[in-house]
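Peer 1: So the protein lines, in turn, are chains Z and R.
Be aware that the first sequence starts at 1, since it is given in this note's numbering, and climbs by one per residue.
Be aware that the second sequence starts at 1001, since it is given in this note's numbering, and climbs by one per residue.
Rather than coming from a laboratory, the hints here were simulated on the basis of the structure.
Worth double-checking, as some hints may not be accurate.
What the hints assert, rightly or not - With a Cα cut of at most 30 angstroms, we get these calculated DSSO-like pairs of lysine-lysine:
#1 Z:Lys94 x R:Lys1013
#2 Z:Lys58 x Z:Lys94
#3 R:Lys1057 x Z:Lys71
#4 Z:Lys37 x Z:Lys68
#5 Z:Lys68 x Z:Lys57
#6 Z:Lys94 x Z:Lys22
#7 Z:Lys37 x Z:Lys57
#8 Z:Lys94 x Z:Lys71
#9 Z:Lys42 x Z:Lys58
#10 R:Lys1057 x Z:Lys94
#11 Z:Lys58 x Z:Lys68
#12 Z:Lys68 x Z:Lys22
#13 Z:Lys68 x R:Lys1013
#14 Z:Lys37 x R:Lys1013
#15 R:Lys1013 x Z:Lys42
#16 Z:Lys71 x Z:Lys57
#17 Z:Lys58 x Z:Lys22
#18 Z:Lys57 x Z:Lys22
#19 Z:Lys22 x Z:Lys71
#20 Z:Lys58 x Z:Lys71
#21 R:Lys1013 x R:Lys1057
#22 R:Lys1057 x Z:Lys22
#23 Z:Lys42 x R:Lys1057
#24 Z:Lys22 x Z:Lys37
Quantities reported herein were computed from a predicted structural model and do not represent experimental measurements.
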Amino acid sequence: GENVEQHPSTLSVQEGDSAVIKCTYSDSASNYFPWYKQELGKGPQLIIDIRSNVGEKKDQRIAVTLNKTAKHFSLHITETQPEDSAVYFCAASKSSGSARQLTFGSGTQLTVLP
Amino acid sequence: KAGVTQTPRYLIKTRGQQVTLSCSPISGHRSVSWYQQTPGQGLQFLFEYFSETQRNKGNFPGRFSGRQFSNSRSEMNVSTLELGDSALYLCASSFGSPWTGAYEQYFGPGTRLTVT
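All chains, please: the whole structure from these sequences, using the hints.
Peer 2: Here it is, written out as structure tokens:
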């Protein structure tokens, strides 16, 4: 089955700096890669996603890049703010047939220092 | 539009008991998936329901089961609870079917189950 590895497990940045979180996946058939943000006491919130036919996607301060050949994808957050502090999860899935389940990475605790 | 709702939010049960958790998907969403989140194992897929039928199942024992109703609401049941079942149980809803629907899954706040 699919295996997703996520690095780093913890990341501290100064407010205003950029943060980068990286994930690799094992199944070349995976074609959908979402990123979730989870705050304490809440469920994961979908913040951005990318499909395998796209190399990069941007939404304001957040961007995701995908390298299908190397089977890795990254989350980039620019101009970080204290409210960006949370646990971030990457995930991968296939959309075909019954295999829509998400396989998650182990999470990155991001702390933005004021 | 209201998000995914889950009830109850917190639950304490004793080893050997059974528990039922409930999930109401986003209005118009017909697929519901369940995930277990623990510090040790992270987020793991339990099962997905669409049109009142289980369409996909993760690698969990048969003590974990679920069902979906005609209004798309879903329940999951865990029988003969073990200490290791203590976790946050998350429900996610998606638009459309597992085959032709949207990719995106939206999560509820979860039910925190503690087994003592």
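Peer 1: If a hint holds in the structure, say so; if it doesn't, say that too.
Peer 2: Each hint, compared with the structure:
1. Z:Lys94 x R:Lys1013: violated (36 angstroms)
2. Z:Lys58 x Z:Lys94: holds (22 angstroms)
3. R:Lys1057 x Z:Lys71: Satisfied, since the Cα-Cα distance of roughly 25 angstroms is no more than 30 angstroms.
4. Z:Lys37 x Z:Lys68: holds (23 angstroms)
5. Z:Lys68 x Z:Lys57: With a Cα-Cα distance of about 14 angstroms, the restraint between Lys68 (chain Z) and Lys57 (chain Z) holds, given a limit of 30 angstroms.
6. Z:Lys94 x Z:Lys22: holds (19 angstroms)
7. Z:Lys37 x Z:Lys57: holds (17 angstroms)
8. Z:Lys94 x Z:Lys71: Since the Cα atoms of Lys94 (chain Z) and Lys71 (chain Z) sit roughly 14 angstroms apart, the hinted pair holds (cutoff 30 angstroms).
9. Z:Lys42 x Z:Lys58: Holds: Lys42 (chain Z) and Lys58 (chain Z) sit about 25 angstroms apart, inside 30 angstroms.
10. R:Lys1057 x Z:Lys94: holds (15 angstroms)
11. Z:Lys58 x Z:Lys68: The hint holds at about 18 angstroms.
12. Z:Lys68 x Z:Lys22: holds (14 angstroms)
13. Z:Lys68 x R:Lys1013: violated (45 angstroms)
14. Z:Lys37 x R:Lys1013: Given that 30 angstroms is the threshold and the Cα spacing comes to 29 angstroms, the pair holds.
15. R:Lys1013 x Z:Lys42: Roughly 21 angstroms separates the two Cα atoms, so the pair holds.
16. Z:Lys71 x Z:Lys57: Holds, at roughly 16 angstroms.
17. Z:Lys58 x Z:Lys22: holds (16 angstroms)
18. Z:Lys57 x Z:Lys22: With Cα atoms ~15 angstroms apart, Lys57 (chain Z) and Lys22 (chain Z) stay inside 30 angstroms; holds.
19. Z:Lys22 x Z:Lys71: holds (11 angstroms)
20. Z:Lys58 x Z:Lys71: Given that 30 angstroms is the threshold and the Cα spacing comes to 19 angstroms, the pair holds.
21. R:Lys1013 x R:Lys1057: The hint holds at about 25 angstroms.
22. R:Lys1057 x Z:Lys22: Answer holds: Lys1057 (chain R) to Lys22 (chain Z) is near 28 angstroms, not above 30 angstroms.
23. Z:Lys42 x R:Lys1057: holds (24 angstroms)
24. Z:Lys22 x Z:Lys37: Holds, at roughly 14 angstroms.
Comparing the model with each earlier hint shows violations of hints 1, 13; every other hint is respected.
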